[in-house]
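Trainee: Take a look at the letters that make up each chain.
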Amino acid sequence: MNVSEYKGVFVFAERRDGAVQKVAYELLGMGRGIADALGEPLAAVLLGSGLKDSEAAELIAFGADEVILVDHPDLGVYMTEPYTKAVVKAIAERKPGVVFFGATTIGRDLAPRVSARVKTGLTADCTALAVEDGTRNLLMTRPAFGGNIMATIVCPEHRPQMSTVRPGVMRKLERDGARKGRVSRLAVEIEAKDRNVEILEVVSEKVARKNIEDSTVLVSGGRGLGSPENFRKLDLVADELGGLVSASRAVVDLGWVGQDRQVGQTGKTVRPDLYIACGISGMIQHIAGMEDSGFIVAVNKNSGAPIFEYADLGIVTDVNRLVPALAEELKAAKAER
Amino acid sequence: MNIVVCVKQVPDTTEVKIDPATGTLVREGIPSIINPDDKSGLEAALELKDQVGAKVTVLSMGPPQAELALREALAMGADEAVLLSDRAFGGADTWATSTTLAAALRKLDWDLVVCGRQAIDGDTAQVGPQIAEHLGIPHVSYVSELKVEGEAVVVKRAFEDGYQRIRAKFPCLVTALKDMNKPRYMSVGGVFDAYRKTIPVWGLADLDVDPANIGLKGSPTRVKSSYTKGTKSAGKVYEVDPKEGARIIVERLKEKFII
Amino acid sequence: MDFQADKEHRLLQEMYRDFAETEVKPLAKEVDERELFPVETVRKMARYGFMGIPFPKEYGGSGGDNLAYIMAVEALSKVCGTTGVVLSAHSSLCAAPIYEFGTEEQKRKYLVPLAKGEKLGAFGLTEPNAGTDASGQQTTAEPKEGFYLLNGSKLFITNAGYADLYIVFAMTDRTKGTRGISAFIVEKGMKGFSIGKKEEKMGIRGSSTCELVFENVEVPAANLLGKEGGGFGIAMKTLDGGRIGIAAQALGLAQGAIDETVAYVKERKQFGKALAQFQNTQFQLADMQARTDAARLLVYRAAASKDAKLPYAVEAATAKLFASETAMEVTTKAVQLHGGYGYTREYPVERMMRDAKITEIYEGTSEVQRMVISAAMLK
Chain A
130 MNVSEYKGVF VFAERRDGAV QKVAYELLGM GRGIADALGE PLAAVLLGSG
180 LKDSEAAELI AFGADEVILV DHPDLGVYMT EPYTKAVVKA IAERKPGVVF
230 FGATTIGRDL APRVSARVKT GLTADCTALA VEDGTRNLLM TRPAFGGNIM
280 ATIVCPEHRP QMSTVRPGVM RKLERDGARK GRVSRLAVEI EAKDRNVEIL
330 EVVSEKVARK NIEDSTVLVS GGRGLGSPEN FRKLDLVADE LGGLVSASRA
380 VVDLGWVGQD RQVGQTGKTV RPDLYIACGI SGMIQHIAGM EDSGFIVAVN
430 KNSGAPIFEY ADLGIVTDVN RLVPALAEEL KAAKAER
Chain B
56 MNIVVCVKQV PDTTEVKIDP ATGTLVREGI PSIINPDDKS GLEAALELKD
106 QVGAKVTVLS MGPPQAELAL REALAMGADE AVLLSDRAFG GADTWATSTT
156 LAAALRKLDW DLVVCGRQAI DGDTAQVGPQ IAEHLGIPHV SYVSELKVEG
206 EAVVVKRAFE DGYQRIRAKF PCLVTALKDM NKPRYMSVGG VFDAYRKTIP
256 VWGLADLDVD PANIGLKGSP TRVKSSYTKG TKSAGKVYEV DPKEGARIIV
306 ERLKEKFII
Chain C
4 MDFQADKEHR LLQEMYRDFA ETEVKPLAKE VDERELFPVE TVRKMARYGF
54 MGIPFPKEYG GSGGDNLAYI MAVEALSKVC GTTGVVLSAH SSLCAAPIYE
104 FGTEEQKRKY LVPLAKGEKL GAFGLTEPNA GTDASGQQTT AEPKEGFYLL
154 NGSKLFITNA GYADLYIVFA MTDRTKGTRG ISAFIVEKGM KGFSIGKKEE
204 KMGIRGSSTC ELVFENVEVP AANLLGKEGG GFGIAMKTLD GGRIGIAAQA
254 LGLAQGAIDE TVAYVKERKQ FGKALAQFQN TQFQLADMQA RTDAARLLVY
304 RAAASKDAKL PYAVEAATAK LFASETAMEV TTKAVQLHGG YGYTREYPVE
354 RMMRDAKITE IYEGTSEVQR MVISAAMLK
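Protein chains in written order, with our numbering: chain A, 130 to 466; chain B, 56 to 314; chain C, 4 to 382.
Worth flagging that the hints you see were computed from the coordinates, not collected in a lab.
Ideal placement from N, C-alpha and C gives every residue a C-beta, glycine not left out.
Possibly wrong hints are sitting among the right ones.
[Stated by the list, open to error] With a straight-line cut-off of 20 Å between C-alpha atoms, the simulated PhoX-like cross-links for lysine-lysine are:
hint, chain 1, residue 1, chain 2, residue 2
1, B, Lys311, A, Lys301
2, C, Lys60, B, Lys252
3, B, Lys311, A, Lys463
4, A, Lys430, B, Lys104
5, C, Lys204, C, Lys360
6, A, Lys301, A, Lys339
[What the hints assert, rightly or not] Simulated coverage check for chain B against chain C, where a stretch passes if three residues somewhere in it have a Cβ under 8 Å from a Cβ of chain C:
hint, region
7, 123-129
8, 246-253
Please model the complete structure; the sequences and the hints are all you need to start from.
Mentor: Now the structure itself:
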């Protein structure tokens with residue numbers, strides 16, 4: 130493998146149910162930076178069936194210099210082997226130095242298979258990517274050890290360098306309809322033996338997670354909210370974050386919410402990635418139930434509330450006015466991605 | 056029916072703490088466990104053993120103390136266990152790890168290989184699919200339900216917003232999700248039986264594998280540097296108006312990749 | 004002399020701990036407050052082989068040893084005193100005497116389902132007028148053609164009502180004093196056998212403690228355990244083993260109380276610092292742990308002696324005496340270190356203190372244990 134033969138940055142543009150996924154645009158936004166640092170072109174690889182020119186045009190508008198379309202009836206619904214074959218062919222013909230995939234359930238299935246077939250390295254769930262001065266190798270930074278450590282990985286002697294990146298981590302560029310780029314088509318042979326598993330049915334469903342112990346985000350309310358109506362407003366924030374509402378014992382005793390939502394000594398012990406405590410003073414029985422949460426935000430009008438000793442971020446303010454403001458800010462942040 | 060379950064012994068990363076004085080990971084005293092996704096894969100295999108009499112072998116690549124994870128698997132009901140352990144295997148990335156495991160699997164008799172989707176220390180989710188590639192067999196990842204029908208598995212393969220029901224003929228590999236079941240405990244009798252069994256240890260000499268493809272030297276990727284994310288002390292408290300407070304929160308959440 | 008548990012026992016302790024934390028601990032408060040017998044837990048315990056740990060596989064057991072068994076009682080008691088005694092009474096007081104004194108037919112018929120956990124066991128010796136002085140049995144078993152006619156009552160029987168099999172002691176010959184007592188295997192559902200009054204207790208409130216009433220119960224001759232007149236000996240030997248179980252229960256309660264207290268004193272702050280930073284707290288905890296460690300060694304020694312087929316009666320009495328008094332002392336201090344909160348049911352230590360008290364009384368009071376130990380010393 131001659132490293133210097135490999136040039137260019139590829140982004141696997143994930144497409145499902147006929148629509149290119151948001152993560153593809155995010156990867157192009159990040160890939161643009163890498164391509165520019167390397168002085169090499171950025172191409173999006175789009176697999177599917179019945180691909181439209183407008184889909185390619187969108188990818189160019191969001192930063193791709195080229196879109197490689199691989200259009201085949203067997204690529205309409207994701208199946209590992211046909212997709213692997215197609216991506217491997219694109220890599221074999223075009224020899225990119227870097228290939229990015231979204232760390233989605235498809236990306237994390239496809240990328241390892243591709244990397245093993247191409248005999249190169251793959252780095253998963255990267256949160257930061259850069260080009261190293263001198264070597265021009267990709268520096269791939271990712272969390273490890275359950276998120277307790279950040280590691281920077283390199284793949285110096287194998288090509289292409291491959292990474293997966295989680296949706297929502299990178300930012301897409303501003304759409305530029307005037308951007309120019311070229312569209313090429315890559316033919317791939319998919320035989321019956323490549324369809325080596327049988328898809329019996331495809332079902333869409335929303336996964337409802339109602340157990341506070343399973344939720345990665347909890348928005349928790351205490352007596353400081355003042356009323357059940359104010360407590361219900363926490364749903365606005367929880368929905369924006371894809372989390373659940375939990376509660377202190379005090380408000381459960383007051384009947385504002387069911388006991389299954391209670392966090393604390395006589396309730397449940399939780400350790401979500403994010404715990405937002407609203408109007409909770411931080412009595413020891415409550416702390417015992419949530420102190421191992423990844424990131425704790427506390428909002429309380431009383432600066433002396435003990436919860437501030439356990440929070441990573443504390444806001445002393447009128448919690449009932451902060452909650453709707455927070456929901457608005459979260460909505461705005463989502464929109465700008 | 057023969058099933059091989061690949062398991063990894065991992066530190067319980069939910070118990071890991073940062074030393075406030077040095078800012079480094081405190082690794083002593085952290086219990087070692089069977090990786091949760093792997094344990095659920097093992098449970099699924101044991102359920103097949105209960106239902107159709109499958110033979111379940113567990114395979115693990117690790118240092119000598121990984122033997123304890125294999126004893127636990129035997130005590131849960133697995134029939135046999137094999138430990139892959141050799142200094143030469145150390146420092147491996149997922150390519151080298153999957154190459155080593157595939158070489159071991161070529162020595163065993165199986166219809167189905169079960170792996171966990173990802174390990175809680177590496178978090179890559181790469182080894183399972185890569186093993187399948189080395190063995191030249193189909194794989195299905197993100198499996199949330201596993202049944203056997205004739206000479207094939209029928210699984211539920213989870214996506215972000217739904218699932219596919221997929222049929223894969225033997226030989227094939229699946230990667231299991233810990234949500235798919237609640238693994239059984241070891242049984243009392245199982246523990247005593249587990250220690251009556253011999254667990255063979257296979258090293259480099261026992262495998263038909265090119266040494267250039269294993270261990271640190273055989274790894275295309277390597278760690279250039281690492282750092283801990285910082286200690287957790289009482290954070291900053293801001294006395295501000297509600298709108299400013301909301302803004303600060305969102306900014307910090309963005310910084311931490313929580314949103 | 005090896006003070007370290009070996010590999011099998013260490014792995015078992017991990018399993019016991021996981022099981023206790025996940026399956027038993029979440030129910031402990033409700034079991035206590037609502038006096039609920041942990042039926043579902045017992046079913047789960049049976050599934051994993053808890054109910055027949057020291058019995059051979061050929062009799063439905065797990066093929067383990069007494070050390071493995073009492074470690075299970077300890078681990079369960081750490082989170083729930085009730086669940087610990089359910090296992091201890093079943094295994095030491097009902098399954099064990101059948102294993103040790105039963106005929107092959109009795110073992111096949113009764114030990115196998117007990118060891119598998121298909122049936123639950125109990126032990127009926129205590130009567131209204133026969134507690135510490137167990138020799139004053141007034142329940143009678145009149146020998147008849149092919150059966151014994153059982154009349155009388157028993158008091159304070161653990162697992163009563165939920166148990167399927169009861170080892171019951173009765174007078175077959177009033178003229179012979181303690182040599183006239185015999186042991187019987189009595190089955191739930193035998194005509195004339197009923198469960199009487201249920202006790203309202205200070206602690207182990209989920210444990211079902213009731214009166215047994217026998218009115219002309221016809222117990223088949225095949226259900227005589229051991230020889231006619233050998234019952235008292237069987238009772239005393241059985242209690243020797245049972246003592247190790249109760250010692251393990253006390254040990255678990257003590258350690259559970261310490262663990263809860265350590266977590267609490269790290270959190271609770273007064274006068275600007277955590278309670279754990281005050282030397283009084285530190286010294287109290289050190290004393291509590293040292294005593295509990297000592298109890299642990301005594302309990303394990305007694306179990307190991309039994310496993311080695313060495314005499315173990317004095318070791319068992321010593322373990323039970325020391326562990327139960329330690330449990331009472333440690334749990335009381337645990338409540339004290341929790342301060343006001345420790346007196347509320349929001350924290351488990353007050354329940355552990357209430358549970359600990361009985362360990363100084365049943366299966367031989369501390370006074371009886373002292374009699375056993377000193378008799379051995381002074382003979």
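Trainee: Each of the hints needs a verdict: does it hold here or not?
Mentor: Okay, the hints, checked on the actual structure:
Proposed proximity of Lys311 of chain B and Lys301 of chain A is supported: the alpha carbons are some 18 Å apart, at most 20 Å. With a C-alpha separation of about 17 Å, the suggested pair Lys60 of chain C and Lys252 of chain B falls inside the 20 Å cut-off, and the hint holds. At most 20 Å may separate the alpha-carbon atoms for a hinted pair to count; Lys311 of chain B and Lys463 of chain A meet this at roughly 15 Å. Straight-line distance between C-alpha atoms of Lys430 of chain A and Lys104 of chain B comes to about 58 Å, which puts the hinted pair past the 20 Å bound.
Under the criterion of a C-alpha separation no larger than 20 Å, the hint pairing Lys204 of chain C with Lys360 of chain C is consistent with the structure, at around 11 Å. With a C-alpha separation of about 32 Å, the suggested pairing of Lys301 of chain A with Lys339 of chain A is violated against the 20 Å cut-off. Evaluation of the coverage hint for the region 123-129 of chain B: fulfilled, as 3 residues show C-beta separations to chain C shorter than 8 Å, against a requirement of three. Counting residues of the region 246-253 of chain B whose beta-carbon sits less than 8 Å from any beta-carbon of chain C gives 5, enough to reach three: the coverage restraint holds.
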